[in-house]
Amino acid sequence: MVKSAVVQIARPAPARRRSGLRLRMLGRTIANEYFYRGGSAARRGPTGADVASRRISPDEWHDYTLAISCARRAMSKLKRDAIMASRRHDRPDDDDLVEMIEKRRHLRAEVKKRIGAGLVLEPDISCGAFVDGVKLRGFRSSLDPILKLFVSKLCKGRYTRRGSRLPSISSSRDKASIFPCPSKALALDDEYVTFNPMMRGVFRVDLDRDFASTEECQEKIRELRLPAPNIITGVSTSGGKLRRPHVYFVVKHSVCFTGNGRNGAKALFKLIGTILTERLAPLGADRFATNTLRGKNPLCERLTTAVVYSEPYSLGFDPHGCESLADLLDLGQYRGKFSNFGAAEDMLLRDGRRGSNAVFRTVGRLCARLVHEFHPESPRRSARYRANLVGTDHALEDFEDAVLRGAQQYFEDCEQLRRQCAKSARYFFTRYDARIASANRRRGAMAAEPEYLAALSKREKQQAGGRYAALKCKEATLIRLAVAAEEIGHLAEDIGVSELARASGVSRMTIYRHRHELERGRYLLAEMRENGAAQGDHTIHAGPTSDCNIQCLDKRDTGKSGSLEEMGTPGAEHPEGVTQSRRQFIKRRGSRFMGSKSGKVRVHALNPVFILEIPGGSGAKRPRIVRIRDDVDELAYEAAVEPTIRFIDDFGRERMGNEPVIYAHNGAVAWKNPDFADRRNLNSANRRSS
DNA sequence: CGGAGTCTCAAAGGCAATGG
DNA sequence: CCATTGCCTTTGAGACTCCG
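Quick note: the first sequence, position 233, residue 233 per UniProt numbering, numbers continuous.
Check each hint, because a few of them may be wrong.
Claimed, not checked - List of simulated lysine-lysine pairs, PhoX-like, C-alpha gap at most 20 angstroms:
#1 K153 <-> K184
#2 K266 <-> K153
#3 K472 <-> K241
#4 K153 <-> K103
#5 K270 <-> K252
#6 K241 <-> K220
#7 K241 <-> K252
#8 K241 <-> K148
#9 K153 <-> K135
#10 K474 <-> K148
#11 K184 <-> K113
#12 K184 <-> K148
#13 K266 <-> K252
Unchecked claim - Distance ranges between label pairs, derived from CB positions:
#14 G128 <-> A281: 20 to 28 angstroms
#15 R513 <-> D286: 40 to 48 angstroms
#16 E493 <-> F360: 13 to 21 angstroms
#17 G240 <-> T392: 38 to 46 angstroms
Rather than coming from a laboratory, the hints here were simulated on the basis of the structure.
All figures in this text were calculated on a predicted structure; none of them were measured in a lab.
Think of the CB as a built atom: it goes at the ideal place given N, C-alpha and C, for glycine as much as any other residue.
Work out the full structure: start from the sequences and follow the hints.
So, in structure tokens, the structure goes:
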């Protein structure tokens, strides 16, 4: 028994990965270190024969694979040894091992059966509705690229989380009992799945009401002036109603939610999730949703899935053509309206009322906070629009008024307050730089503006970083000058240039440059001391801070941006009332499932052309293309659905072998896979589908 | 002669991204 | 993780002129 276990353990292929020469070198070094046998094992890893002939024991094999895994994760030797020791400690004994191997063998067989023979669904009650049975092959995710992307937002089947040997994907037949499933392929047949909590790329909104159809659901969402969801999933009742659907928005690049993830991107992700729920509240979205990391599974064959928009979104601006949710939702208007945003600043303002120069400080903070709302170069679109409409001078006046109104909440109205407000407002307005504007400069270039930084391209971020660095450099010089002047005992303006240069250690030229900003240096010094005192830090360091919160959102997409072609605006395509929409042709890249010739699809997030609906149960064999817009002319419409029809062809071949593939167009006209063209079948299918 | 003021240009220096 | 690139101002050396 034990011997057979040994042989089984050795079955996995030797760790000859093609992931790089360096990796192999590292693995080999460690292999040598741990169990050098002076022969082939060290060079190419142990084989089954090695193990069988007892030249390498199962324990050693475990050590070997674990050592390689540690090396791949670039661990220190100390940590590696600790992990290996702990693994040795709780390694299963031989009987457990045999059981484990049996389980895995069974699992592999299940997966093989699912992929090969297909899925047999028994008639059953699913999510509170009866669904009839059906036999299907293949996976629903083959039908549309967005479904595949959705799958990538789930955990892998096994061993995804470091330090955890538990399967990380969970699935279940109902909402209440979720259980871990060791295979992703099998988990995707269940009604509920859990998303990857570490890399989040899916927004799930739960709509707690029934809809007559998916078209109605999409229509209601459109009426709320929201971008089209990528996927709508629910169960169809016998009356054809869509019951309590889950609405999904999928983001192309997931946001890292581990400890190392950037706070800006996390904040933006959470904010967008909150806003989507808030805006969908009229349709029954639960804004106190308990777990947004679990949702109805669009790939489950019992549920009805509608693909409304098959291009993924991005959080902020994406140079490669993904439409930005921040843009489509007009995030600027929500600033300060949700918890965590603006609350801390309110506290600062309240606390700032004490002290000798309270007016000066409070007005300054008010200005810093409000200037974004009025400046013509503000990152906020609404502010830019308004400022350009009324003109810069008028915007400045408005800004002064707003600051005064704000200050009156904290201080008695008097001439001195008005003067201070006007002076500070002018100061902030004239020195406003949108690229480095931030509510809290000490935190880095654009840390307090998640919606803004996400909207920047890589180049723009670099530019902003450069400007920010330069600004900090200048401020450091100003502070040095202020410190030197203080040591001399006069105002910097009253000290000779050469003397001040000698005292401060900067060049004369630099002092000439900053002659008119010496006062600002004093202000910065005072501010720095104040902040330092608040944090119990009495050393003065004028250097820049290093904790910038910038998440690279376009890091991995270095491919050619050739998939995006800006085109003219055809009249038939014009969505009324949607003024800022960008119309694009997005060319889908060809792949195995999309057909060999990729077509051009005219799509837009605010007004998609059609919905691809895959019903649950036996209806899964009959996907429907539902037209949801009347203002598109026939030719444009045909061009839009054509690639999708191609996908369905491939999908159908995979799913049903030689059975005819039927898909209804708009619920009335049916096309059939031309390979199986048969007029008679087509007509009967048409009757069945309508 | 030394301080004040001006100009030019290359180097510095910090931030963000990238690639191995 | 680390070296490197790209980016953007600031900075400083050095040269020059003017003036008391």
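Going through the hints against the structure:
{"no.": "1", "hint": "K153 <-> K184", "in the structure": "holds (12 angstroms)"}
{"no.": "2", "hint": "K266 <-> K153", "in the structure": "holds (16 angstroms)"}
{"no.": "3", "hint": "K472 <-> K241", "in the structure": "violated (60 angstroms)"}
{"no.": "4", "hint": "K153 <-> K103", "in the structure": "violated (27 angstroms)"}
{"no.": "5", "hint": "K270 <-> K252", "in the structure": "holds (16 angstroms)"}
{"no.": "6", "hint": "K241 <-> K220", "in the structure": "holds (15 angstroms)"}
{"no.": "7", "hint": "K241 <-> K252", "in the structure": "violated (31 angstroms)"}
{"no.": "8", "hint": "K241 <-> K148", "in the structure": "violated (26 angstroms)"}
{"no.": "9", "hint": "K153 <-> K135", "in the structure": "violated (27 angstroms)"}
{"no.": "10", "hint": "K474 <-> K148", "in the structure": "violated (50 angstroms)"}
{"no.": "11", "hint": "K184 <-> K113", "in the structure": "holds (14 angstroms)"}
{"no.": "12", "hint": "K184 <-> K148", "in the structure": "holds (13 angstroms)"}
{"no.": "13", "hint": "K266 <-> K252", "in the structure": "holds (15 angstroms)"}
{"no.": "14", "hint": "G128 <-> A281: 20 to 28 angstroms", "in the structure": "holds (23 angstroms)"}
{"no.": "15", "hint": "R513 <-> D286: 40 to 48 angstroms", "in the structure": "violated (58 angstroms)"}
{"no.": "16", "hint": "E493 <-> F360: 13 to 21 angstroms", "in the structure": "holds (20 angstroms)"}
{"no.": "17", "hint": "G240 <-> T392: 38 to 46 angstroms", "in the structure": "violated (58 angstroms)"}
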